Structure formats: structure tokens, C-alpha cells
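> Residue numbers (the numbering used here), protein chains in the order written: chain E, 1 to 176; chain W, 1 to 88; chain S, 1 to 99; chain A, 1 to 140.
These aren't lab readings, by the way, just hints derived from the structure by calculation.
Source: prediction; values computed, not measured.
Using N, Cα and C, we set each Cβ at its ideal position, and we do this for glycine too.
Hints may contain errors.
[To be verified] Derived BS3-like pairs (lysine-lysine); straight-line CA-CA distance at most 27 Å:
{"no.": "1", "chain 1": "S", "residue 1": "LYS92", "chain 2": "E", "residue 2": "LYS24"}
{"no.": "2", "chain 1": "S", "residue 1": "LYS92", "chain 2": "A", "residue 2": "LYS78"}
{"no.": "3", "chain 1": "E", "residue 1": "LYS24", "chain 2": "W", "residue 2": "LYS2"}
{"no.": "4", "chain 1": "A", "residue 1": "LYS131", "chain 2": "S", "residue 2": "LYS92"}
{"no.": "5", "chain 1": "A", "residue 1": "LYS131", "chain 2": "A", "residue 2": "LYS73"}
[To be verified] Here are the in silico distance ranges between beta carbons for each label pair:
{"no.": "6", "chain 1": "W", "residue 1": "LYS80", "chain 2": "A", "residue 2": "HIS76", "range": "22 to 30 Å"}
{"no.": "7", "chain 1": "E", "residue 1": "ILE21", "chain 2": "S", "residue 2": "ARG25", "range": "38 to 46 Å"}
{"no.": "8", "chain 1": "W", "residue 1": "GLU55", "chain 2": "E", "residue 2": "HIS136", "range": "39 to 47 Å"}
{"no.": "9", "chain 1": "W", "residue 1": "LEU69", "chain 2": "A", "residue 2": "LYS80", "range": "32 to 40 Å"}
[What the hints assert, rightly or not] Which stretches of chain E does chain W cover? Using the computed rule of at least three CB atoms under 8 Å from a CB of chain W, they are:
{"no.": "10", "region": "6-12"}
{"no.": "11", "region": "99-108"}
{"no.": "12", "region": "150-158"}
Below, each chain spelled out in residue letters.
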Amino acid sequence: MTIAVEIVLLILLLVTAAGAILVKDLMSAILLLGTYSFFLSLVWAWLGAVDVAFVEAVVGAGLATVLFLVTLFGTAPKDSRLRRPPPPIAALFALPLLGILLLYAANDLPEFGDPNSPASSHISPIYLENSFQDSHTPNVVTSVLMDYRSLDTMVETVVIFTAGIACALLLRRKAS
Amino acid sequence: MKIFFLCILLIIAVLIGAYLYRVIRGPTIFDRVLGLNGISTKAIILLALIGIVFERMDMFIDISTGYALLNLVGALAVAKYLEQKGLP
Amino acid sequence: MEILSIIFIVVGLFFLIVAAIGVLRLPDIFSRSHAVSLTDSIGAFFMLIGLALHEGFSMNVFKILAVLALLYLQNPVIAHATVRAALRAGLKPWQREAS
Amino acid sequence: MLSASFDWVHLGLGLILSFTVAWINSGHSPFVPNFRLWGKIILYIPWLFFRILQSSLHVTKLILHPALPIDPKLIHVKTKLANPAAVVLLGNSITLTPGTITAEVEPDALIVHALDDISAEDVTSGRIESKIAEVYRNGE
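Construct the entire structure; sequences and hints are all you get.
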């Protein structure tokens, strides 16, 4: 029963991604990407990663859509390469091969939620025991994101900030 | 009881497919916006249901509040854009 | 209490299914917006109230009611903005040809 | 609310911040709560919900009918409501009711898209409008 829900969500995700690639109009592609973020966030929530789902909803569905739209305000709304060249034949063979290789490698990963896997037997207990003494934050995920991996988070914020500055520049050029 | 909620979850997830058809095949851009709006409402309900199934309602209802707020911002931005630019 | 919540959820599910059928069947953007408004105003109401009844009296019920109030405040705004944009872009409402 | 922590520090900070943001965004108008008006609006909500239930049953019947007997049309509705907030409430109520949707707001009229005659009659008869006028008459 739970497997069925996962399968349905993943099929919706795949269909949305394919639609976002195949659609001709840039505006529709933006809307489809927003839908994709909604589904991805649902998948994260279903897997139990609530904070990741929240970030995905905020950044993917809210912020990225608005930033894309603001960019479309200042640039041409049409995709200039409506007739795409067909992909080379080597890519048609190489990409499925790579996919099969990755699936084969994924076989060796530990099971989802396995208590004996290295991640949950070595790393997680240390974070769970020490995070409150180290950072005095009640939420463990927040302390991991903001304290233990603060450099990573800072650079992510820089990316979003740069996108915002670029959108502001585009809007200002249009006004003058 | 949990099985019942899982069934509801599954049915709603399949119903989203109808809206997704409208988003992908919609003749005009406004159909896509409407479909996105319907999908986000469904997603809010789905999140509340997932919270019931996992018995951690307090976490999941927070995300659905965030969804509802973000949906408003995104949809208003799209509608403003379409009003100013006209039909693409 | 459980029975009542199941009844509410099933009624909400019925309206959601009807709205999905309507989104697929209706001919143009303006009439489809009615189907989406059906989902928002009544399907979500019954579903969320059913879930709140199942949850019992706690902090979460207030959060569910807050989400519901948010939905009721913003969905008319979104629907109105979309339809107004469609009207200003020059779309004509669909009409029955024969009559 | 989201972190479910009810310390005085968090509550006070939230109150101060939200009032500050609202005060900045509303053009520095002083905050005057109108409690009688809000009471009337809260009394108005159950009536609106009853209308929503009625009309959504009607729309359900229309959608499930095999011949799809819809007759969509645009109608102009003149309003006598002077208060902008009252017009907003009227437009919101019309949109929230399935079967009718507000498409355009002009200074003294609304353009409403209705799904068929019975839904349209709901708006043209002015029942919602008279109810809202009643809400706002004494609240001024």
C-alpha cells in the first residue's frame, strides 16, 4: 500500500519533468517546474524529511518561480531554438548505459531506514547527542544545517542572493 | 483506520493526475495556472493526510501552511505577469 | 467521533472527484475555474474538517483551521486574478453554438 | 504558532513584528479596530457557507449530467455599495460560491461569469449584496 503511493508520486514526478523538457513555451515550462517542485516536496514529506520538504517548497515552488518570472519580464518570452537538433546517436546509447550502471550501483547502498547502515550507526548518534550542547537549538536539523554545515548553507544563500540581484538589474534596465 | 487513510491518499494522488493533464495539455496558459492552483490545494490536503498516517500532525501541518502562503505569492506573480504581457 | 470524521472525509472525497471530472470535461478556462473553485471551497473544507475531527481537540486543530481560513481568503483572490488576466488577454467565453 | 512555543518572548516579538510590518505597509495609518463590524462579518460567514453548500450541489449536478447542460455567460452586476471593503467582500463571496466567478471589478459594477441560469440568478437577484449592505450599514 505504501509502495503504491510512492509509485504514483514518482510517476507524477516523471511526467511533469518530461513535460517541462518537451513543452515549447518558456512560461509553461516555468509553471511545470513549479509543479515539479510541489511533487518533489511531497515525495520528501512522504520519506519523512520534513525540513527538506519545507525548503523545497519555499525555494523551488515559491522563490524560483518568482525569480524566473521576473527574468522573463526583462527578456524575450519566446524560446529562440524552437526546432531543436536531434540528439547525437552516441548520446542515445551512452545515457541508458549510464542509467543502468547507476541503478546497479544503487543496489549496494544500504536499505532505506536500515539501522545498521554507516550513516545511522556512526554519524547520526553523534549529532543527536551533541547538537544541543554545541548550539542550544532545539531542532537537530536546524543545528546541522546552520552550525555544522554553515559554510555550505552560506554559499547556497549566496546563490539565491545573486539571482535576486540579477533580477533587480534586469527590472531596472527595463524601466530606464 | 490507517488503511483507510492510505486509500484516501492514493485516490487523491491519482486525482492529481487529472489536473496534471490540464497543466501539460492545457490549450492556453491560463489553464495551466488553474491546474497549478488545483494541484497546490490538493497538495495541502495530501500533506495533512500524510501527517495523519505518520501520526506526526504537528510537523506536516506546518509545511501545508507554508505551501498555502507560497501558493498565493506565486499565483499572484503569474497573474500579474500575464496581465502585463498579454497572451504569449 | 470517528464515524463523523469518516463521513466528512468521504463527502469531501466525492466533491474532489467531481471537481477532477469537471476539470477534464468542461470546455473552456472560465467554466473550468468553477470546477477548481468547487475543489477549493467545499472539497478542502470537508476534508480538513474531517481530519480535524479525527485528530481530536489539540493544538493541531487550530493549525488546521488556520490553513482552512488561509485557503478561504486566498483562493478567491487567485481565481479572480487568473480569470481577470484571461479576460484582459482577450479570451472569449465558450458558448453553445446551437442555441 | 508554528514552533508551538508560547513563551512571552516569542509571542511579544511576533506581535510587535507583525504590527510593525502592517503599519509600514498600510501607509502609516493608525490602527483602529472595528469590533462591531468584525462581529457582523463573523455572523455573515455561516450564511455564506450555507449558500456555498447549496450552489456546489447544483454545480455537482451539472458536471455529472451526461449531456453537460451548461450555458456560460458574462453578466454585468451593478452595485450600490460605496465602501471599497464591502465591494471586496462581495467579489470574494461571489468567487467563493461555485458556479459564479468575479472576472472584472469596475468602480460601480462587477462583471461576473456564471455557469448557467440558476447560478446567475443567485447573483442578479442581489441577495448577497443586500446581506453585505446590511453588514456594513451599522458598522460604519
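> Decide, hint by hint, whether the structure agrees.
Evaluation of the provided hints:
no.: 1; hint: S/LYS92 <-> E/LYS24; result: holds, 24 Å
no.: 2; hint: S/LYS92 <-> A/LYS78; result: holds, 22 Å
no.: 3; hint: E/LYS24 <-> W/LYS2; result: violated, 43 Å
no.: 4; hint: A/LYS131 <-> S/LYS92; result: violated, 32 Å
no.: 5; hint: A/LYS131 <-> A/LYS73; result: holds, 24 Å
no.: 6; hint: W/LYS80 <-> A/HIS76: 22 to 30 Å; result: holds, 25 Å
no.: 7; hint: E/ILE21 <-> S/ARG25: 38 to 46 Å; result: violated, 29 Å
no.: 8; hint: W/GLU55 <-> E/HIS136: 39 to 47 Å; result: violated, 28 Å
no.: 9; hint: W/LEU69 <-> A/LYS80: 32 to 40 Å; result: holds, 35 Å
no.: 10; hint: 6-12; result: holds (count 3)
no.: 11; hint: 99-108; result: violated (count 0)
no.: 12; hint: 150-158; result: violated (count 0)
The structure does not agree with the numbered hints 3, 4, 7, 8, 11, 12 stated previously, though it agrees with the rest.
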